[in-house]
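Based on the sequences and whatever the hints tell you, model everything.
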Amino acid sequence: MIEAIQFSSFSEFIEMGGYAFNVWSVYGLFTVFLIANLLIPMRRNKQIIRELKRRNLLNTEFNNGSTSNGSIVDNSDVDGEDQ
Amino acid sequence: MWLWFSKLGSPKWFYELSGKWLPWLIATMILFLVIGATWALLYVPQDYQQGLTNRIMYVHVPVASLSLSFFPLMAVAGTITLVWKMKLADMVVKVAAPLGAWFTALALASGSIWGVDTWGTWWIWDGRLTSLLLQLFLLLGIISLRSALEDSDAAARACALLSIVGCINVVVIKYSVDWWNTLHQPGTTFGMSSDQPNGPEFWIPLLIMGIAVALFFTVSLILATRNEILERERRSQWVQELVQE
Amino acid sequence: MNKQRTSTGQAFWATLQRDLLIAYKRKNDMANPFMFFLIVASLFPIGISPDPERLAEIAAGVLWISALLASLLAMDNLYRADYEDGSLEQLLLSPHPLYFLVLAKNIAHWLVSGLPVVLVSPLIAYMLNLPSESYMILFVTLLLGTPVFSLLGSIGVALTVGLGSRGLILAVITLPMSVPVLIAGTLAIEQTSNGASLSGFLAILGAMLLASISVAPLASGAALRISVN
Amino acid sequence: MTPATVDTPGQDIGTDASQSLTSAVMLDGTDLFCERDDRILFEQLNFTVSEGQVLQIKGSNGSGKTTLLHILCGLNDSYQGSIRWYGQAIETQAEEFYGALLYIGHRVGVNKVLTPLENLRWTCSLQQQVSDTELYRALAEVGLRGFEESQCFTLSAGQQQRASLARLLISDARLWVLDEPFTTLDAGGLSLLEGLLRSHADAGGAVIVTTHHDLRVADLQQMTLG
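Taken in order, these protein sequences are the chains called A, B, C and D. Take the first sequence: its letters are residues 2 to 84, numbered as in our numbering. Take the second sequence: its letters are residues 166 to 410, numbered as in our numbering. Take the third sequence: its letters are residues 20 to 248, numbered as in our numbering. Take the fourth sequence: its letters are residues 109 to 334, numbered as in our numbering.
Hints were generated in silico from the structure; no laboratory data involved. Be aware that a few hints might be false.
[Stated by the list, open to error] Derived DSBU-like pairs: lysine-lysine, alpha-carbon spacing no greater than 35 Å straight-line:
id, chain 1, residue 1, chain 2, residue 2
1, B, Lys-177, A, Lys-54
2, B, Lys-177, B, Lys-250
3, B, Lys-250, B, Lys-185
4, D, Lys-220, D, Lys-166
5, A, Lys-47, B, Lys-250
6, B, Lys-250, A, Lys-54
7, D, Lys-166, C, Lys-46
8, B, Lys-339, B, Lys-250
9, D, Lys-166, B, Lys-250
10, B, Lys-185, A, Lys-47
11, B, Lys-185, A, Lys-54
12, D, Lys-220, C, Lys-44
13, B, Lys-339, A, Lys-47
Rendered as structure tokens:
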């Protein structure tokens, strides 16, 4: 079922029987597509968490400074459980 | 059943569960990708007609077939949004549209690169490419509608409705484009459909790549949905607790 | 105090009459899509070639695409005035099924914007040198196809009626959805001139019309509810 | 964010207040909650409107008055809580409810190119059959005699408002929901509308109205949002 490797040398593999451009551009696009769609959301996730942290910090400082109201969350009763 | 359903609708529950699954999913995906791509690139025999361009099939076919699953997915999620007003379903509709557009665009690009040698040109109004192109337009329409509507609730429902209508439409478009295409190019057996892989040495790597791309689809959908959850639920208790950790 | 309720049929007629009356009072709005159709169709010979044979080849497509664009242009004022003056809320709060009221509005709109285009199409077909045996087919297929454009476009307008600048979004949403009708219509003309029988194409266009009559007003109604929300 | 307050001021003009105690509850809302773009418009909002009652909703700009009216009419369903029509969910009796509801929104539903007569004929015919004599009479009564056949864009805002209010004279709807109906009216229009509200309530109908105007009606309930 698994045949032998189709290429006898590395340069032959790169050449892809004269279709180097077609094959490698498709695989290149595919790789970029995979990495972009995984890394960008992952970085965004970290970024959101960082942003929320910073905002909370600002909130706490503001609250401690101006009013004695210690609540950080303004709509704590909204739990997102509602459909 | 109902409990499960309502639990699934809870963004918090989804966020926690998907957090546990993600590493495993990503690991499996990478495993399949590496095996599939190596196999496809190194071991698959040459096609007697196409030579080594048949390697493109192992990217194009899984991506193209998965890109066809976006509209059904969005239509189902859209129905749930409209009927049960489940927030999670709307998030899926929202993040699936751009992802689907990327999938469709890659399917189009790989399809036309594959076609360069078969057809001798970069673009041909082939039935499959044409319906993918129209699907891309429909997805872009949904994305632009989402960004144009300011009220998030209205945007959610409008896009849900458009996804359902679009899903029906994609099916009709598919059939009519095929019909149009066969009538305009009588007797062409040219193109991708004629080169179905015939032996296990062809289709097993295709299957592996198919699983890999499907896993990638799941992973990227989950990742995008998780971000959407964080943004929309940023005021809720559990997100605040999560951030504090 | 006790007054007779209107039947759904009466509400349907009242809505149809009202929309036709509005169209009659705004003759400009009524004429614009028609003018647009004439102008677009006459741009093609200028842009492509005045050669009669080449024109004959593309005439069917030109007519269909011009009709589609004219219908798209006309869509914008289907619900906008009603949305802005609050009549849409009245429509949604009627005790009658919204389906019929939306259908009435769509029919009125087609009578005003689609039908004139269909009626003038043989004239343009003559100017574009379409083979004369195709006139009847063109006319009949447009008669079946343009209402589908209106019904499908109605969904798009209903979704975007609350938006400030909706022109392009409407086009992006609606045009891809209209492709099957465009295919069936142009194929009908082309294939029958090659000797195929017309009835199959008419059946397909008729099926598309029936399907969109039965489903599209429901979707438009749901979309209107979303937009008013 | 504070729960809405409901209070019944001791205004007592004309009719016997005990009448409302025996009359049936027409529309009631329990534990209504509405949030728009992460901002809570109202929560734990309760109200009842009985036959013969006028419910006045007050509140500053952006406090959700119009949204509440839309919710009551079913134009907006992004809320939680329950709204019942004569004790039953509206969805189970939509046709009766919409047959008995008359809503005039902030945008009054008057088409600019049509005449008051044509506008009135259409809006009425969505609910009930109506003759031309009735239409003319109603328009005359709201002070539009002589304007029946002129296109609405030639009329002033107040006259357009009056054209929409003519429906109140024709309709036999039991529940009126009016969003800021007094804004563009002059003194004459004001007393005209107030008279209409009073006679509607006396006849056993109910009114829900948003306004800051001091209403002089028998059985008045007030509710303040925000």
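Consistency of the hints with the structure:
1. Lys-177(B) / Lys-54(A): Roughly 18 Å separates the two Cα atoms, so the pair holds.
2. Lys-177(B) / Lys-250(B): holds, 16 Å
3. Lys-250(B) / Lys-185(B): Satisfied, since the Cα-Cα distance of roughly 26 Å is no more than 35 Å.
4. Lys-220(D) / Lys-166(D): Holds - the C-alpha atoms of Lys-166(D) and Lys-220(D) are around 30 Å apart, at most 35 Å.
5. Lys-47(A) / Lys-250(B): The hint holds at about 29 Å.
6. Lys-250(B) / Lys-54(A): holds, 30 Å
7. Lys-166(D) / Lys-46(C): violated, 43 Å
8. Lys-339(B) / Lys-250(B): holds, 30 Å
9. Lys-166(D) / Lys-250(B): Holds - the C-alpha atoms of Lys-250(B) and Lys-166(D) are around 30 Å apart, at most 35 Å.
10. Lys-185(B) / Lys-47(A): holds, 17 Å
11. Lys-185(B) / Lys-54(A): Roughly 22 Å separates the two Cα atoms, so the pair holds.
12. Lys-220(D) / Lys-44(C): holds, 10 Å
13. Lys-339(B) / Lys-47(A): violated, 40 Å
The structure is inconsistent with the numbered hints 7 and 13, although it conforms to all the rest.
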